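Protein chains: 2
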Amino acid sequence: MLDYDLSSRGSLSRFEYLYRRIRDDIASGTLAADEKLPSKRQLSRQWGVSLITVESALGQLVAEGYLIAKERRGYYVASLGKLPSPTARPLPEHVPGTFREQLQIDTSRLPVQPDAGALALWERSLRGVLAGEDLDEAFSALTPQGLPRLQADIAHLVAHTRGMQVDPGQIVVGAGAQVLYQLVAELLGADAVCAVEDPGFPRIAKTYEAAGRRAVPCRLDGEGIRMEDLEASGATIVHVMPSHQFPTGRVTSIARRYELLGWASEDPARLIVEDDYDCEFRLAGHPIPSLASIDAEGKTIYIGTFSKSLGPVVRAAYAVLPPAVAARFQERLSFAAGTLGVIDQLALARMLEDGSYESHVARYRRQVKERRDLLMGELASALGESATFEEADSGLHMVLALSLSEAWQGREREAEERLVAAARKEGVGLAALSSYARLPISRDGHARFVLQYERLSEGDIRRFARIIGELAEKEL
Amino acid sequence: MLDYDLSSRGSLSRFEYLYRRIRDDIASGTLAADEKLPSKRQLSRQWGVSLITVESALGQLVAEGYLIAKERRGYYVASLGKLPSPTARPLPEHVPGTFREQLQIDTSRLPVQPDAGALALWERSLRGVLAGEDLDEAFSALTPQGLPRLQADIAHLVAHTRGMQVDPGQIVVGAGAQVLYQLVAELLGADAVCAVEDPGFPRIAKTYEAAGRRAVPCRLDGEGIRMEDLEASGATIVHVMPSHQFPTGRVTSIARRYELLGWASEDPARLIVEDDYDCEFRLAGHPIPSLASIDAEGKTIYIGTFSKSLGPVVRAAYAVLPPAVAARFQERLSFAAGTLGVIDQLALARMLEDGSYESHVARYRRQVKERRDLLMGELASALGESATFEEADSGLHMVLALSLSEAWQGREREAEERLVAAARKEGVGLAALSSYARLPISRDGHARFVLQYERLSEGDIRRFARIIGELAEKEL
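For the record, the sequence lines run as chains A and B.
For reference, each letter of the first sequence is one residue, going 1 to 476 in this note's numbering.
For reference, each letter of the second sequence is one residue, going 1001 to 1476 in this note's numbering.
These aren't lab readings, by the way, just hints derived from the structure by calculation.
None of these values were measured; they are calculated from a predicted model.
In this text, a Cβ means the ideal position worked out from N, Cα and C, and glycines have one as well.
Possibly wrong hints are sitting among the right ones.
To be verified - Straight line, CA to CA, 20 angstroms or less: simulated SDA-like cross-link-like pairs of lysine to any residue:
1. A:Lys206 x B:Gly1285
2. B:Lys1070 x A:Gly222
3. B:Lys1070 x A:Lys70
4. A:Lys425 x A:Gly469
5. A:Lys70 x A:Glu16
6. A:Lys70 x B:Gly1222
7. B:Lys1070 x A:Ser381
8. A:Lys369 x A:Asp354
9. A:Lys206 x B:Gly1189
10. A:Lys206 x B:Arg1332
11. B:Lys1308 x A:Asp136
12. A:Lys40 x B:Tyr1453
13. B:Lys1206 x A:Glu331
14. B:Lys1070 x A:Asp221
To be verified - Here are the in silico distance ranges between beta carbons for each label pair:
15. A:Ala116 x B:Arg1424: 52 to 58 angstroms
16. A:Glu426 x B:Ser1007: 36 to 42 angstroms
17. A:Arg226 x B:Lys1425: 56 to 62 angstroms
18. B:Thr1388 x A:Ala190: 39 to 45 angstroms
19. B:Asp1267 x A:Ala296: 36 to 42 angstroms
Said to hold, decoys possible - Listed below are several chain A residues computed to face chain B (Cβ distance under 7 angstroms; list not exhaustive):
20. Gln60
21. Leu80
22. Ala210
23. Arg214
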């Protein structure tokens, strides 16, 4: 028993060799359960190693449960039950490392490459933090909702741009809007229902559903989410994008906003989530005031994000919680805030304070507007009278409506699918508006597509318009 | 109607003044629903402003839903229904900006201040990224699970330190372990049950419950989670900390590890979550091999974190998913990975590649061990024979057991609460082991406390031991 030949240990240390041999002998049953081992001194002599090495090896096996140490009586083999016979671990199946499709022009999904200006801004701000901030002080000041300095900067931002007068303590930061969606999902009781816009941003319903909550799609009309659908849904939370709905681009009318506030005030449990994901990018006129800014009863959770202006350089978003919600939520707030590092928070604070964020947004807005104008012009020449553009001013995407010939009336969905498939063959990503809907959408003889153009180059835009023009003529 | 005097507009722009006046007149009913406005040219003359200013103001009000533009017919006042009378928005209640208690010595919660070495390491690595990395290339390579380069570095790390042979594609990164807990919670069907260790880390059960899943506490014995409790729980997922359980510090025995794997293999739906939150900090002997490294059937989701070694400088953690789980999960993976910015991922990759992370961990482990040795020595002299230390070698916390006098037998919980309250009055945070338990725990005449000592200074440790010694004598 235990007659190991240490000269055959190869490159293993004495400890490692003895540890493995004993472990394997216990696992294979060569050393039987409850067997008592010789004393440490005997083993030290037998193996020709120091007492410390013996103690280390046996101690490790005790820690792992292969041996049991009984006080003043020595070491015993543990009873392991029937162990599976040792087998080589099978190689894992291949898990693809990347799922991003290799499309060259893609208006059907958010861009992966950052805007060069956003990247330069972020790098400069991070360098500033590393060179100039007192990090110890920042860590000391940290709260479960974020850095007080960043909270104050965001309070100033929403006052300045969205007409909201809020206490910095109402703000909680997190690593992207989806972390905040999750925070909201958890506000709801397990049986509660969340009403979502349909068509809508797919991740919203999915986040509520993944959190075990029921999401009920509600149709839209020209003024926003339909109140009769909302009333029928049984929801206690409604998640809307009043400034610029995705994907339709529609702006919720002021009348519908007050109807939503009225709906919320009927029941203390009801809340509105205002998802203001691209409010900074209205391309004509002035920003639409936020729903939260006209809410006198504290029923609106406002979610803003830096994803449109800075993403994917940094993942950062914030929620403005009504005071009563903040109080209910204390325990969960540190989860959200804990996802955004202190250094990232300081870098955001710096760019909000020195005005460089505002300049970046203004420059980026101009650039996006130029791209949109070019895209509209190119598509208008390529498609002629059949093309109209819906909600082209409200933000970073718009809807292309193609009026269809007699032959396609009643088969609009089919026409959309045909064009999407044909485009895909050309390496062009195109998304039908209807692909964002769970409910049937009413039809009017048009095929509709959502165009997210913010990061397309001039060349991409021209090529895109030419291809779509050719395909529309050939396929429809 | 609309007879506004622009000379009284103060500092407002012409646009802003006209926009506000018309908006307020519509909201108050001065301009009645369905009323037709004069033509833009008439208004331009009447107000003495340019046609463009009139168009901007009316356009904005159309966008917001106060006015309706009818093609070739002009502007009409929208029907808003009954609006609430305009009231000044009440000031929000005060929401406290910080909830952190002002304790001077706190062994009852995780530290907020970073280790100076960790902060210096992170700053250096971030600077390296900003100076030396091709960020465009990094963004191009990004996958929904993280940066392939970081995945490969982590695969190498777990092979080297935890004996796990994994494909980099099995790894997903996220902004902290809790984001990954949430990912796991969402694996479960809405009615599924998760078994958790009791006593345990409170956030684990809370995360499952917040996600609408049922968490069932299971008692521990000397070898780990009790199998009879697990069998009775009806759980499909068991969340364990086999290398170093929090708060008891216990190591799951090898026999119990195989029992857990056996339990998982009985049902295709069953999975084990191995939460290896401080595996790098075993203070004596060698690291315990991971449960995942002996799992031949792909039933174990392994969660590792950089929070113990780097936190709170950066929030970063990773999961190693069995291939079948990774495949089931594709859609949700981008949520987790999307919480950790590309620059942070690059900074982590650099420190893993150049060896500076490993040196930091080795240095930090030595420092923690010195603190632990000092704390044990000081407490032993202050408390004498009544103090014993449990699981002092397994990681970054240990359990202090105080043997109680006759008078306190059967009232151990009361004794613990008394000492915790007395310590709090002295500015000392102390946590009873039982405060981490939902189920009653068996008693043996000892009061037990969890000591998290990793960031205490030498002075704090001496003061802490002196105060606890005095209070134990006085109170117990």
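Hints versus structure:
no.: 1; hint: A:Lys206 x B:Gly1285; verdict: violated, 46 angstroms
no.: 2; hint: B:Lys1070 x A:Gly222; verdict: holds, 14 angstroms
no.: 3; hint: B:Lys1070 x A:Lys70; verdict: violated, 91 angstroms
no.: 4; hint: A:Lys425 x A:Gly469; verdict: holds, 15 angstroms
no.: 5; hint: A:Lys70 x A:Glu16; verdict: violated, 23 angstroms
no.: 6; hint: A:Lys70 x B:Gly1222; verdict: holds, 14 angstroms
no.: 7; hint: B:Lys1070 x A:Ser381; verdict: violated, 27 angstroms
no.: 8; hint: A:Lys369 x A:Asp354; verdict: violated, 25 angstroms
no.: 9; hint: A:Lys206 x B:Gly1189; verdict: holds, 14 angstroms
no.: 10; hint: A:Lys206 x B:Arg1332; verdict: holds, 9 angstroms
no.: 11; hint: B:Lys1308 x A:Asp136; verdict: holds, 18 angstroms
no.: 12; hint: A:Lys40 x B:Tyr1453; verdict: violated, 33 angstroms
no.: 13; hint: B:Lys1206 x A:Glu331; verdict: holds, 10 angstroms
no.: 14; hint: B:Lys1070 x A:Asp221; verdict: holds, 17 angstroms
no.: 15; hint: A:Ala116 x B:Arg1424: 52 to 58 angstroms; verdict: holds, 54 angstroms
no.: 16; hint: A:Glu426 x B:Ser1007: 36 to 42 angstroms; verdict: violated, 60 angstroms
no.: 17; hint: A:Arg226 x B:Lys1425: 56 to 62 angstroms; verdict: holds, 59 angstroms
no.: 18; hint: B:Thr1388 x A:Ala190: 39 to 45 angstroms; verdict: holds, 43 angstroms
no.: 19; hint: B:Asp1267 x A:Ala296: 36 to 42 angstroms; verdict: violated, 54 angstroms
no.: 20; hint: Gln60; verdict: holds, 5 angstroms
no.: 21; hint: Leu80; verdict: holds, 4 angstroms
no.: 22; hint: Ala210; verdict: holds, 4 angstroms
no.: 23; hint: Arg214; verdict: violated, 9 angstroms
Checked against the numbered hints above, the structure breaks hints 1, 3, 5, 7, 8, 12, 16, 19, 23 and satisfies the rest.
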